[in-house]
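Peer 1: Make a model of the complete structure from these sequences and hints.
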Amino acid sequence: MIRVAAVGDVHVDADVVGRYRPALTELADCADVLLLAGDLTRHGTVDEADCVAREFGDLPVPVVAVLGNHDYQCDQADEVTRILDGAGITVLEGSGTVIDSGEQRLGVAGVKGFGGGFSGRCATAFGEPEMKAFVRSTELSAERLASALNELDCDSRVALTHYSPVPDTLAGEPLEIYPFLGSYLLAQAIDAGGASLAIHGHAHRGCERGVTPGGIRVRNVAHPVIRQAFRVFHLGAV
Amino acid sequence: MTEDVGAQLQRAIAEDARIAELGIDIVTRGDCIVLNGHVESAERREAIERRVTELLPDHRLLNEIAVLKAEAPGPAEELP
Chain A
30 MIRVAAVGDV
40 HVDADVVGRY
50 RPALTELADC
60 ADVLLLAGDL
70 TRHGTVDEAD
80 CVAREFGDLP
90 VPVVAVLGNH
100 DYQCDQADEV
110 TRILDGAGIT
120 VLEGSGTVID
130 SGEQRLGVAG
140 VKGFGGGFSG
150 RCATAFGEPE
160 MKAFVRSTEL
170 SAERLASALN
180 ELDCDSRVAL
190 THYSPVPDTL
200 AGEPLEIYPF
210 LGSYLLAQAI
220 DAGGASLAIH
230 GHAHRGCERG
240 VTPGGIRVRN
250 VAHPVIRQAF
260 RVFHLGAV
Chain B
2 MTEDVGAQLQ
12 RAIAEDARIA
22 ELGIDIVTRG
32 DCIVLNGHVE
42 SAERREAIER
52 RVTELLPDHR
62 LLNEIAVLKA
72 EAPGPAEELP
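If you're matching them up, the sequences are chains A and B in order. Counted from 1, the first sequence has number 262 at position 233 by my numbering; the numbering is strictly sequential. Counted from 1, the second sequence has number 31 at position 30 by my numbering; the numbering is strictly sequential.
Calculated directly from the structure, the hints in this document are not laboratory data. This one's a predicted model, so the numbers in the text were calculated from it and none came from an experiment. Quick reminder that beta carbons are idealized off the backbone N, C-alpha and C, glycines included. Check the hints yourself; a few may be wrong.
Stated by the list, open to error - Quick partial rundown of chain B residues pointing at chain A, CB under 8 Å, derived from the structure:
| id | residue |
| --- | --- |
| 1 | A13 |
| 2 | A15 |
| 3 | A18 |
| 4 | S42 |
| 5 | P58 |
| 6 | D59 |
Peer 2: In structure tokens form, the structure reads like this:
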């Protein structure tokens, strides 16, 4: 069994620094790794990344993150990633990492992901170049997630994204914005990559639980959904 | 009031660099604007209220936005 803590959409800026820290001090007692499911900042600035580093750096367990759409707002994603890496936070984008708890080796593969929608109502690569680029961006992200999952040498795999792979965890969001919240292509990648669990954020008004077409459990850990500092999952416990 | 009020407020709340909130529900009830959702701090809740009041000073505002807590988690979920 390995203990996985996760939260997304923490949107850290100076006004949030210190709010998560009291709960995070308990991590060593309840988790082997902390996953951050994107939207770590408000606008993706260097100053906000420094705040994230202070809030989620120097913790007693490994911290693994993907970026979210907010983290791209100021076109400084590379700098944000470098600051988080410097604080010991592993930022995944089409890549993976393995955490060895001593009892189990957990592989985590991550991408931000992107939108496009879900079965029967999805965007198609047709028409204007902007539309083709939108769909192609999600296709590439899904391909990179599948590759990253398949390349992991571990006992069990978790897929970490910001955008949702399934519509299940969007229940509560307006139907009209589902195409901006996730894509079925991410679920296909998760199923093809042999994941045991998929973690995402982004859908503030969604719900926690879903499942991919291949039967893989999906959990939306967006902070407004879980309404606590993080959720904990015991993988391999039953 | 025009039918564009909802879009105007949604874009202002998202695109104003002082706010940048994308998950706020905006409902219009006659001359009343109702805001719902969650934010990370009281300052952010107040910033949204200030911006909406600036844009629509003649409307009544019902600010139902809640500030999220970051308390220690409940029991773990046991998974295969």
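Peer 1: Double-check A13 of chain B for me: the hint is only fine if its C-beta lies closer than 8 Å to a C-beta in chain A.
Peer 2: Violated - the Cβ of A13 of chain B stays beyond 8 Å from chain A, reaching only about 15 Å at its closest.
Peer 1: Holds or violated: the hint that A15 of chain B contacts chain A, with Cβ atoms closer than 8 Å.
Peer 2: Status violated, d = 10 Å.
Peer 1: Hold the hint about S42 of chain B up to the distance rule: shortest CB distance to chain A must be less than 8 Å.
Peer 2: This hint holds: S42 of chain B lies near chain A, its Cβ roughly 4 Å from the closest one there, short of 8 Å.
Peer 1: Quick check on the hint: P58 of chain B CB to chain A CB, less than 8 Å?
Peer 2: violated (26 Å)
Peer 1: Let's test the interface hint: is any C-beta of chain A closer than 8 Å to that of D59 of chain B?
Peer 2: Violated - the Cβ of D59 of chain B stays beyond 8 Å from chain A, reaching only about 27 Å at its closest.
Peer 1: Does the interface hint hold: is A18 of chain B within less than 8 Å of chain A, judged Cβ to Cβ?
Peer 2: holds (7 Å)
Checked against the numbered hints given earlier, the structure breaks hints 1, 2, 5 and 6 and satisfies all the rest.
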